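S.K.: Just so you know, the sequences run in chain order P and H. Going left to right, the first sequence walks through residues 89 to 277 as my numbering numbers them. Going left to right, the second sequence walks through residues 89 to 277 as my numbering numbers them.
Quick caveat, the hints were computed from the structure, so don't treat them as lab data. Don't take each hint at face value.
Intra- or inter-copy, both count: the list cannot distinguish identical chains.
[Said to hold, decoys possible] Subject to a maximum C-alpha distance of 27 Å in a straight line, what follows is the list of computed DSS-like cross-link-like pairs (lysine-lysine):
{"hint": "1", "residue 1": "K220", "residue 2": "K195"}
{"hint": "2", "residue 1": "K220", "residue 2": "K93"}
{"hint": "3", "residue 1": "K93", "residue 2": "K235"}
{"hint": "4", "residue 1": "K195", "residue 2": "K235"}
{"hint": "5", "residue 1": "K192", "residue 2": "K93"}
{"hint": "6", "residue 1": "K143", "residue 2": "K93"}
{"hint": "7", "residue 1": "K175", "residue 2": "K143"}
{"hint": "8", "residue 1": "K175", "residue 2": "K93"}
{"hint": "9", "residue 1": "K195", "residue 2": "K143"}
{"hint": "10", "residue 1": "K93", "residue 2": "K195"}
{"hint": "11", "residue 1": "K192", "residue 2": "K143"}
Source: prediction; values computed, not measured.
2 protein chains.
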Amino acid sequence: MVTGKRLILCSNSPRRRELLSGLGIDFEIDTRSSFNESIGPENTTPEVLPQILAKGKSLGFHRPLEEDEILLTADTLVICDGRIMGKPANEQEAREMLRFLSGKTHKVVSALCLRTSAGIREASDTALVTFKDLSEEEITYYINRYKPFDKAGAYGIQEWIGYIGIPGIEGSFYTVMGLPVHLVYQLLQ
Amino acid sequence: MVTGKRLILCSNSPRRRELLSGLGIDFEIDTRSSFNESIGPENTTPEVLPQILAKGKSLGFHRPLEEDEILLTADTLVICDGRIMGKPANEQEAREMLRFLSGKTHKVVSALCLRTSAGIREASDTALVTFKDLSEEEITYYINRYKPFDKAGAYGIQEWIGYIGIPGIEGSFYTVMGLPVHLVYQLLQ
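Chain P with its partners taken away, still in its complex shape (with noise of 0.2 Å):
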């Protein structure tokens, strides 16, 4: 679908690996960028955040891109009541998110960036998530077992927890897991 163009993903997270992959685009993987996602700027709207942070990601790669190479880089925000929630620091963290959102209705915000040697394409993505009452029983099972440190608002929804305590979502499944893969396609093409 991109002739003559070679895809790299600059992303740690395994599910936006598993996600690209689902594409059927071959792409390659190179991590090193100088970004510190920690650095986002204040006074930002929230929603526009994971923008920000997709162009900062792309703008700290490694090495200049070569004509032919397409770099692909994402971030994704959970927004609650106001509260931006990005990866927690550790297991009290974790709990604490979870307590946060459970019973409620939240944001997910998904970015991505696509950058080439002659430009810059962006887009982004939001959905709605609506946990039921989450029982401490389920947070610490979910926790204990599935260590959601990596991920954003401290859940997976492909996971467990996903499964027993989402009863729906308004929008795309994907941009929820940290890719909007239907923009990723569209503006690939």
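Given the structure of chain P, go ahead and fit chain H onto it with the hints provided.
M.R.: Relative to the frame of chain P, chain H by itself:
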């Protein structure tokens, strides 16, 4: 979660087996049911048909249930513009179904039946799924590569066509895949 009971899944669908595994419950598989799916009652509201079929599969199980057994059966149908879609019989029917779903929002209804020697519990869930406009090339590629002849509506949301073609859903992703796992969990508790 179900103390002293053995769960039996009566379904040929590999997706249902995978989804039930994700709940972290032990179960056995026994697909012997005399129920013929094609014998659907006439003049029924499409939305209640999966419930009737799930119950039919349960009652057609090849032997009586022991006191310590729970039998799980399920059924899924796609409803688009009032038309009920089960599994496509061949490539031509699959192509025709995907053309019909292209660019529209349709309903997916998944029902389940949990039966013991003492009684029956049933549940049903509906999700809305929106397809972008699918090109003939996309439909051909998908059918040739994924052969979706065992899937209601001729598509799997977890496959390539779901990645590139579905910008969003309203409801449970797992209901669209064929088993409302949140309801299985809830009913088993």
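S.K.: Kindly indicate which numbered hints from before are broken by the structure, ordering the numbers from low to high.
M.R.: Hint check: 3, 5, 8, 10, 11 fail, others pass.
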